[in-house]
Amino acid sequence: MARLFDQPLRPRAWHVLVFGIFLLLVYAGFQRVFRVLAQEAALILTDAAMVTLQEKIESLGPVEVRGGELFAGAEVLRGHPVVVEVQETTGLEATIFHRDVRVATTAIRPGSSTPAIGAQANSYVRDEVLKGGHTFRGSARATDQTWVARYDPLYDVSGAVVGMLATSASDSVFSTSVAAFRVLLGGTLFVLFVIISGLWLAAGRFTSELEAQAGAIEDRNQRLERAARLLQQRATELEAARAEAEASQRTALAESEAKSQFLANMSHELRTPLNAVIGYAELLLEEAEVGMRDDLQRIVGASKHLLALISDILDVSKVEAGRLELEVLMFNLPDLISDLVASVRPLMDARGNALDVFVDPRLDDMKGDPTRVRQILYNLLSNAAKFTEGGTVELRAERHGGRVRFEVRDTGIGMTATQLARVFKAFVQADVSTTRRYGGTGLGLTIVRLLTERMNGQLEVHSEVGQGTSFAVEMPIRLPEHLAGRPCPGP
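According to this note's numbering, the residues represented by the sequence shown are 5 to 495, in order.
Some clues are possibly wrong.
Unchecked claim - The calculated lysine-lysine pairs, modelled on DSS-like cross-linking and capped at a C-alpha distance of 30 Å, are:
no.	residue 1	residue 2
1	K135	K60
2	K60	K371
3	K371	K429
Derived by calculation from the structure, the hints in this document are not laboratory data.
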């Protein structure tokens, strides 16, 4: 054994060194690529957040400077809560600059808990955006942190650049993923280096030993038996090493599979907070005072509804995007409507709308998918609330033989015939100005149409510009059992 490792190794050692340098270059290259991909993903998020921030500022009115202050319409932008709204919507930081000075921001001063209002943008961003009038996308240093950010010029009504808009994500958000990737890649390459270089060196040493033994056999025949035993010993050791290498490879593959499964299962952890909310709310219900029980029951109902929707989204994530399944079970329709009304009333109050509800006394239990029925009604009511201000939204549920008819009417802005023809298409709203002013993805009514058709229902819509809109959904009170569990194409 000692003689095996006493053989000259210099040529093969150079090969191992070159191979090690190659693996280091691979490691550095992959690490850089992953970092670039992570940063680009962050920039895509900042792009979406920037669209949201721009739409919200446009909804306030034209931008102009009056008396040394930055205004949007009648509202001064210094300390304006629109940046907080963008942060709550997108999860990213948002900032409004007057020239290069922050006047509204969610970024926090270093060592403080207060917004960094009054802090200046760095000189490179200032020159690129304010002086050059260009959009900046990339890494920027601000408030003693590195940010992945987007800066856009802010124009006043005359087209002059009077400030900047910025959306950003802290670089530290992605450091965990980059570090995990670095450890995984480094560990894999290290194992690969150890196995291959070890086998390469062992093979070289073994070849040298065989050559030495061949010379000894020619000189002294009496050493033949000893050489044969030594060869068998080395062969046994190599076989053991090969078996160990195969076992290590299987272990590495199993660990890699476990890591992949972990990444897939991480999305399921979204359910954990909701399960906690439901569990605590149900515990509180057992000892709650009478005046609190209704509110707690609504918390439980809304949380369970959200949990069901998240479960469906996770099913879609199995490369089966756009496929939903229906449940068929008995539920109390008036109770569902009562819970739904409590959920949407804040939306109505926020727009100054009155909500009128009529439920046919003949309606009681319904057989179908309560989650999808609730989703249809919620989408219609939230849509009515969004496009109505200071008006009335009415929900009616009536029985017509073996079918139930839901009707949602509003006194909102209404639609033209051209807009009606487009309203149920995916990612489409009435027109571009509607999207800019009222927001939304354009999927809500598409989902209403698909779910209604899937549950053997019919959907009608009538609208008049300036008078309002009426949506009517009619479906069986008893959904047939054969519809349960069948996939429903998504939008």
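Right, here's what the structure says about each hint:
no.	hint	in the structure
1	K135 to K60	holds (25 Å)
2	K60 to K371	violated (42 Å)
3	K371 to K429	holds (29 Å)
Hint 2 from the list above is the single one not met by this structure.
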